[in-house]
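There are 2 protein chains.
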Amino acid sequence: MSGKEGKDDEGSRVKLESLANGIIKDIKSGKNPKFVTAARKRSNIVFDAKNGYLRLGKSVEERDFINVAQSKRFMQTIAIAAKCHKFVKENLHTTIRGLFYQLKYSLGEDVDENIFNEQSESNPLIEDLEAGLDVTRENLNLNANRKGVLAGNMTVLDRFGDEMVEIDCSKQGRSGWAIPSDVDNDIKFVNVKAKYCIVVEKDALWQRLNEDGFWKKENAILITPQGQAARGTRRLIRKLADLGIPIYVFTDSDAWGWYIYWTIKTGSINLAYMGGEVATPEARFIGVTMSDLDKYDFLNKLTMNASEVDLKRAQEMLSYEWIKRSKEWVRELERMIKSKKKLEQDALQGPRLTFVGDYIREKIKNKDFLP
Amino acid sequence: MSGKEGKDDEGSRVKLESLANGIIKDIKSGKNPKFVTAARKRSNIVFDAKNGYLRLGKSVEERDFINVAQSKRFMQTIAIAAKCHKFVKENLHTTIRGLFYQLKYSLGEDVDENIFNEQSESNPLIEDLEAGLDVTRENLNLNANRKGVLAGNMTVLDRFGDEMVEIDCSKQGRSGWAIPSDVDNDIKFVNVKAKYCIVVEKDALWQRLNEDGFWKKENAILITPQGQAARGTRRLIRKLADLGIPIYVFTDSDAWGWYIYWTIKTGSINLAYMGGEVATPEARFIGVTMSDLDKYDFLNKLTMNASEVDLKRAQEMLSYEWIKRSKEWVRELERMIKSKKKLEQDALQGPRLTFVGDYIREKIKNKDFLP
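Line by line, the protein sequences are chains A and B.
Under this note's numbering, the letters of the first sequence match residues 1 to 371, in that order.
Under this note's numbering, the letters of the second sequence match residues 1 to 371, in that order.
Hints listed in this document are in silico derivations from the structure and should not be mistaken for laboratory results.
Do not take every clue at face value.
Same chains, same label: a pair holds when it works inside one copy or across any pair of copies.
Distance condition first, Cα-Cα at most 25 Å in a straight line; then the derived DSS-like pairs of lysine-lysine [said to hold, decoys possible]:
#	residue 1	residue 2
1	Lys171	Lys193
2	Lys193	Lys72
3	Lys28	Lys86
4	Lys239	Lys367
5	Lys239	Lys171
6	Lys104	Lys295
7	Lys86	Lys301
8	Lys365	Lys31
9	Lys338	Lys104
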């Protein structure tokens with residue numbers, strides 16, 4: 001298992017305490033206390049070609065206590081660290097919104113001016129802490145938004161209070177198992193039996209395939225991120241890939257669908273500080289593709305007009321180095337730009353509802369996917 | 001159990017066939033075939049004060065085949081009915097997007113001009129069918145969007161292929177059971193043991209309460225619609241109320257939170273044609289309320305500024321007859337308008353994360369809720 005497997009709550013508690021102890025030591029020895037974190041600005045985001053994902057470069061940022069421009073941010077960062085330390089010790093979780101209210105509540109009593117007036121002030125500081133201490137917000141007991149559903153031959157052991165509950169992902173009916181925001185702490189995946197994992201952009205198509213028993217017939221794991229994948233879903237896909245399970249992504253052939261795929265594969269600019277933990281460079285793109293129009297004639301009457309956003313985004317993607325080097329992707333993007341047409345995964349239901357599964361089967365059988 | 005309990009797939013198949021047979025009969029006897037449906041325009045939406053929900057009035061609309069202005073819509077409606085009949089016979093489900101593509105596919109072959117160019121053309125016609133035949137789209141095998149999660153002492157028997165799977169909603173860990181879009185067909189709720197059901201606007205607060213084991217300690221059913229409640233979640237709340245379980249709703253004290261509550265309680269203008277099936281007039285509003293500011297002093301420093309939308313919406317709500325008659329609601333709305341402040345449910349985490357559950361407990365103990 002790659003990523004921060006060892007970085008559990010205990011690890012983050014130790015890191016928060018050593019941050020605090022360092023500051024106390026600095027103050028006692030008359031030094032200017034400071035907090036150092038990796039710079040998350042655009043110019044410090046690099047595509048790691050060797051490993052195939054976006055990560056931060058070497059540039060760092062410092063928050064000094066004795067610096068008029070930085071002392072407020074320094075204090076805010078330490079206040080956040082103190083709250084997270086409390087949450088970890090209490091073994092209770094909240095969201096960054098809950099954290100914001102705790103800060104507003106407790107600082108409001110002693111300090112005349114509210115230290116945080118808007119949550120937009122506290123959010124980037126949490127990312128500072130994540131990057132600076134090399135912990136995830138999940139390990140600071142901060143839940144991120146969750147989204148995404150899974151079905152397949154796999155069992156989840158999840159903590160609930162003092163017991164571990166067993167959730168059989170092959171016995172969740174039409175619902176599927178809802179992927180939590182944290183898939184690293186107090187949770188285990190056992191009996192994972194699958195030839196491959198298919199990630200389906202839209203919940204509607206997931207339901208279609210689930211109703212057909214697709215994952216059961218194929219011995220596959222069927223995931224939908226329900227649009228752009230949340231952190232928990234990206235981490236889970238990474239973990240499945242670590243188990244040697246091939247990952248196939250199935251989205252619309254449009255700007256949004258491609259963005260979903262590339263985010264799963266290479267990570268995203270926003271989460272570049274998490275690098276390889278939320279990226280799955282092994283993932284392959286199964287479709288729908290513009291070249292499906294040559295393979296499946298009926299799709300030609302089911303295209304939609306590409307929007308301005310689609311066309312602009314396609315043009316932009318052509319400038320990315322990790323896309324430029326793939327002939328297949330360049331061909332896809334150029335075909336959309338030229339034809340001004342796009343294709344949705346839902347269109348595969350045109351001839352018959354069950355065609356969607358046949359399409360995936362055929363693609364996988366013929367190894368017909370994009371890098 | 002109220003609502004369309006008898007209106008299963010079989011029932012909708014019979015209704016679709018009798019619609020078709022009626023049209024064939026009309027044509028054979030030289031009559032002008034027509035389709036009659038309840039008018040869904042604003043002027044035909046009434047608040048049923050006796051029952052406490054929004055429903056359609058008596059006015060109807062006709063689509064005539066021999067009428068230049070209506071014949072296209074007539075043909076489109078029949079095409080949709082034919083597709084739904086096929087889905088019901090095949091026992092396969094899709095979405096209205098999938099239906100749209102099937103129409104585009106099959107009509108494109110025989111007819112020169114595409115009958116449906118945009119999905120916006122087919123959506124209102126599906127509602128025509130629902131209202132005209134008195135069936136739900138779920139019974140026409142069309143899945144609506146799903147959203148919403150549940151935990152509690154309750155077992156779901158859900159069909160998956162040929163078997164019924166048993167899902168224990170008390171053993172779903174941090175995930176909860178994902179509420180499907182259809183909670184009426186091929187699904188059963190057994191061993192429902194709960195003193196009450198609490199519906200929590202935000203997933204973040206649901207997770208907070210779930211982590212505390214709130215539903216277990218209280219023997220409650222804990223639902224989050226994850227924002228505005230989807231059709232499936234509204235139907236499920238209605239079904240729980242039918243079992244005699246009191247329903248309490250817990251949202252932000254702002255325009256959006258109030259809208260979520262009133263939609264659960266009285267139904268919505270968009271779904272007025274479904275009337276009492278998606279409304280739970282028995283529901284009570286637990287908070288957060290503007291008057292909580294008098295009861296919990298700390299909340300006064302955790303208010304946020306009301307937005308223009310909040311203030312406008314509050315003013316609008318004061319004009320609704322079903323709100324006007326409640327002194328408590330008028331007081332709430334006027335207090336927001338006067339103070340220009342609002343309050344979020346997340347703010348209850350200010351003093352300590354576990355306060356949220358204590359707040360609900362105290363409210364229920366003191367029967368401190370709004371009608």
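Here is how each hint holds up against the structure:
no., hint, result
1, Lys171 <-> Lys193, "both (14 Å within a copy, 22 Å between copies)"
2, Lys193 <-> Lys72, "neither (51 Å within a copy, 51 Å between copies)"
3, Lys28 <-> Lys86, "within (24 Å within a copy, 79 Å between copies)"
4, Lys239 <-> Lys367, "within (23 Å within a copy, 47 Å between copies)"
5, Lys239 <-> Lys171, "both (21 Å within a copy, 23 Å between copies)"
6, Lys104 <-> Lys295, "between (59 Å within a copy, 19 Å between copies)"
7, Lys86 <-> Lys301, "between (59 Å within a copy, 22 Å between copies)"
8, Lys365 <-> Lys31, "neither (64 Å within a copy, 55 Å between copies)"
9, Lys338 <-> Lys104, "between (53 Å within a copy, 24 Å between copies)"
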